[in-house]
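2 protein chains.
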Amino acid sequence: MRRSRYFLPTLRENPAEAQIASHRLMLRAGMIRQSSAGIYSWLPLGHRVLRKIEQVVREEMNAAGCQEILMPAIQPAELWEESGRYQDYGREMLRITDRHDRPMLFGPTHEEVVTDIFRQSVRSYRDLPQNLYQIQWKFRDELRPRFGIMRGREFYMKDNYSFDIDHAGAVRSYNKMFVAYLRTFARLGLTSIPMQAESGAIGGDYSHEFIVLAYTGESAVYCDRAWLDTDPLAMGIDYEADLQPIVDEWTRLYAATDDKHDPGACTVPEDALYQGRGIEVGHIFYFGTKYSKAMGATVTDPDGVEIAVEMGSYGIGVSRLAGAIIEASHDEAGIIWPEVAAPFKVGLINLRVGDSACDGACEALYARLAEAGVEVLYDDRDERAGVKFAEMELIGLPWQVTVGPRGVKSGTAELKARAGGEAEALSFESVSARLIGG
Amino acid sequence: MRRSRYFLPTLRENPAEAQIASHRLMLRAGMIRQSSAGIYSWLPLGHRVLRKIEQVVREEMNAAGCQEILMPAIQPAELWEESGRYQDYGREMLRITDRHDRPMLFGPTHEEVVTDIFRQSVRSYRDLPQNLYQIQWKFRDELRPRFGIMRGREFYMKDNYSFDIDHAGAVRSYNKMFVAYLRTFARLGLTSIPMQAESGAIGGDYSHEFIVLAYTGESAVYCDRAWLDTDPLAMGIDYEADLQPIVDEWTRLYAATDDKHDPGACTVPEDALYQGRGIEVGHIFYFGTKYSKAMGATVTDPDGVEIAVEMGSYGIGVSRLAGAIIEASHDEAGIIWPEVAAPFKVGLINLRVGDSACDGACEALYARLAEAGVEVLYDDRDERAGVKFAEMELIGLPWQVTVGPRGVKSGTAELKARAGGEAEALSFESVSARLIGG
Chain H
2 MRRSRYFLPT LRENPAEAQI ASHRLMLRAG MIRQSSAGIY SWLPLGHRVL
52 RKIEQVVREE MNAAGCQEIL MPAIQPAELW EESGRYQDYG REMLRITDRH
102 DRPMLFGPTH EEVVTDIFRQ SVRSYRDLPQ NLYQIQWKFR DELRPRFGIM
152 RGREFYMKDN YSFDIDHAGA VRSYNKMFVA YLRTFARLGL TSIPMQAESG
202 AIGGDYSHEF IVLAYTGESA VYCDRAWLDT DPLAMGIDYE ADLQPIVDEW
252 TRLYAATDDK HDPGACTVPE DALYQGRGIE VGHIFYFGTK YSKAMGATVT
302 DPDGVEIAVE MGSYGIGVSR LAGAIIEASH DEAGIIWPEV AAPFKVGLIN
352 LRVGDSACDG ACEALYARLA EAGVEVLYDD RDERAGVKFA EMELIGLPWQ
402 VTVGPRGVKS GTAELKARAG GEAEALSFES VSARLIGG
Chain Y
2 MRRSRYFLPT LRENPAEAQI ASHRLMLRAG MIRQSSAGIY SWLPLGHRVL
52 RKIEQVVREE MNAAGCQEIL MPAIQPAELW EESGRYQDYG REMLRITDRH
102 DRPMLFGPTH EEVVTDIFRQ SVRSYRDLPQ NLYQIQWKFR DELRPRFGIM
152 RGREFYMKDN YSFDIDHAGA VRSYNKMFVA YLRTFARLGL TSIPMQAESG
202 AIGGDYSHEF IVLAYTGESA VYCDRAWLDT DPLAMGIDYE ADLQPIVDEW
252 TRLYAATDDK HDPGACTVPE DALYQGRGIE VGHIFYFGTK YSKAMGATVT
302 DPDGVEIAVE MGSYGIGVSR LAGAIIEASH DEAGIIWPEV AAPFKVGLIN
352 LRVGDSACDG ACEALYARLA EAGVEVLYDD RDERAGVKFA EMELIGLPWQ
402 VTVGPRGVKS GTAELKARAG GEAEALSFES VSARLIGG
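Read top to bottom, the protein sequences are chains H and Y. For the first sequence, the numbering used here gives the first residue as 2, with consecutive numbering after it. For the second sequence, the numbering used here gives the first residue as 2, with consecutive numbering after it.
To be clear, the hints were calculated from the coordinates, so they are not data collected in a lab. Glycine included, each C-beta is placed from N, C-alpha and C at the ideal position. Keep in mind that a hint or two might mislead.
[To be verified] Facing chain H, according to a computed beta carbon distance under 10 angstroms, are these residues of chain Y, among others:
#, residue
1, Ile40
2, Asn132
3, Arg152
4, Glu155
5, Gly361
[As the list claims (entries may be wrong)] Per label pair, the in silico range of CB-to-CB distance:
#, chain 1, residue 1, chain 2, residue 2, range
6, Y, His101, H, Ser220, 25 to 31 angstroms
7, Y, Ala169, H, Arg435, 42 to 48 angstroms
8, Y, Gly297, H, Val269, 15 to 21 angstroms
9, Y, Asp230, H, Ala434, 21 to 27 angstroms
10, H, Gly277, Y, Gly355, 29 to 35 angstroms
Just chain H, same shape as in the assembly:
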């Protein structure tokens, strides 16, 4: 993508309304624009990040045997009457009346809709287990939306729902999601810590929150330092196997947010206790037959007896993850994207646009990288070097390549990792090889 044509309205000043790093940097980097309180448009750079994150979430859901569907945003209130939640949900639910005066709502979650699909479609235990997910915009009418997309009203979620014939099956489904979540956040370059949680408005018996560590995170967390040394991607996972030992291993270590942490009761020695900050990005629930009983989602078991299915629900805040990654990975100059979530892998800076040698070298490198499928933002504008460097630091692409008249004369460009390290003068050949290879 040529910067001269790219819709990237960056801001030089820190917006006054932004109190936290991700909000400030997403506005400044031209990723988002507020439309109304807690509601944002995602501009091209932000949209690319959202799609990258969504794709990682999707791949891990598919790997764990979930199937993607898409449920409507607008739900009929009558389903929520059936489950008994319509009155309980409170003012965070955006209630709507359609032109025929039917009560509807903008879904904050989809237990009712998915249970309705299930009861219309599945009759026999033979068709279980099932695990259906969607990635979709939801709405929660927050009293005081704040922190940009971190606590917005319209937000992008992956939510899924498991259906099993019995408790043992439900635990297997829960464990798969537990492991899939650890893998998902790790692939996004985040350290996530599952913490046993009370369930909130969704209701349930057993649940874990997944908190990712970020030094500007919203809540204080305490955990065994051993968490920081464990890598969920290092384990080979077979989703057909019994995952209980893995889940036990992961839940054995101490972890608590500040509202649960009791220094008196904590058995972790002080020097082994990590104290940091974190952001909730996922939540998994087992709630048994709460919805299936209320809504009549039953199957016949092997003996021909009708039984209510066991369910769980599982959520990841996809738009929130964009903010969480920034909170976990930024510096004074801007965002530092991990490659997997970066809007482009490479920023190519032409220091002297109009100079035929520089232009030619940049165009050749740009074409070469594009051909190899490497995503490049090529700053081909006639702007001062300082402006270009500052913008590249701000938007945080993992690799920067700088091409200037002196380097071109000796056949070199400078390659620098945004995450740190020195700029290296390399031949154009080596620059290509490094960026295409890695």
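The hints should help you fit chain Y onto chain H, whose structure is shown.
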């Protein structure tokens, strides 16, 4: 994907509520389920189709130089007060009041939001032209939703918005979309005919509707038979070049829907006049400075003068296209997907599950095709052959491979195209080669 695990709730009976082919077949093939009037969930098979169509639309938008963004579903009414449309839009607009009693709405279209983004972000003619698109769920509170997703309330649209410095630029943007639309529908296996149109509620000066031919379509169309022989994909398109001659060539031929067709005035000789049926799937508008003037979206021109930008808007009904393809391509037994929109390329039928030779041959072929990236739905259920064949015909995957005990003994499977033609007995090697190659 193994059929035994796939969430594919097909129906044997024609649902009473479905009056048209696409509605009936999408319900029967387990692609969609109604949630409330005009509002549907997309189940795994339908979701895959939606994603395939969306991807073709996206690729053609990107090729035409558009940039993807994502605007919110919920918009503030005040933007529509600025444009003057809030009162005019009527009861199809879903109006909402949030918890702070602010009037909001579920966007039926996004001219106001995108104009707001533009005026916040762009100051100079140097940053033009711009063309921003999104693919997103919209809501129109139809008085009588019907025909399944063809006239639903919640629907998936690609909409984009062009911004130019002057009329000539706006025409260039319009022409790019004209060509991109022809290409998009052609890639989806559809014959589309652009028809000059009055603009509807969106308002404008100049517009074309794109109608795709489908023998069960909603409206009668009349056009020069020469339309049917022209292939938009045969032309090489350079979006940087002047597209006016191409647009002129395409608008030269006669075409009209029945409300416009006047047999007296039509100059096409009767034997050259095609009479068929069609479905509107796209609409492009040029409307000049209607929104930019009302909302103050101005840039400075080269002389430093503030001028309102020229705009156009362009829509494709992505969910509607799923229905339109089915209307254009089905038979008594079910859907006939073109490969580009098919949920899977291949349906693999094991006629004797449990027979080790059949199972082994199927597993080997399934693994081989998966490895080559060919999407296969493998019917590994212990069901009667008739049930399996009927379902494969119904869901309409482009290729069917049947593996039975007799064939396996002689080392062959049967390959058949859903679109017609005889089943061919081929070696497993040849089956793989044909499916991987083509």
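Going back to the hint list, which numbers does this structure go against? 3, 5, 8, 9 and 10
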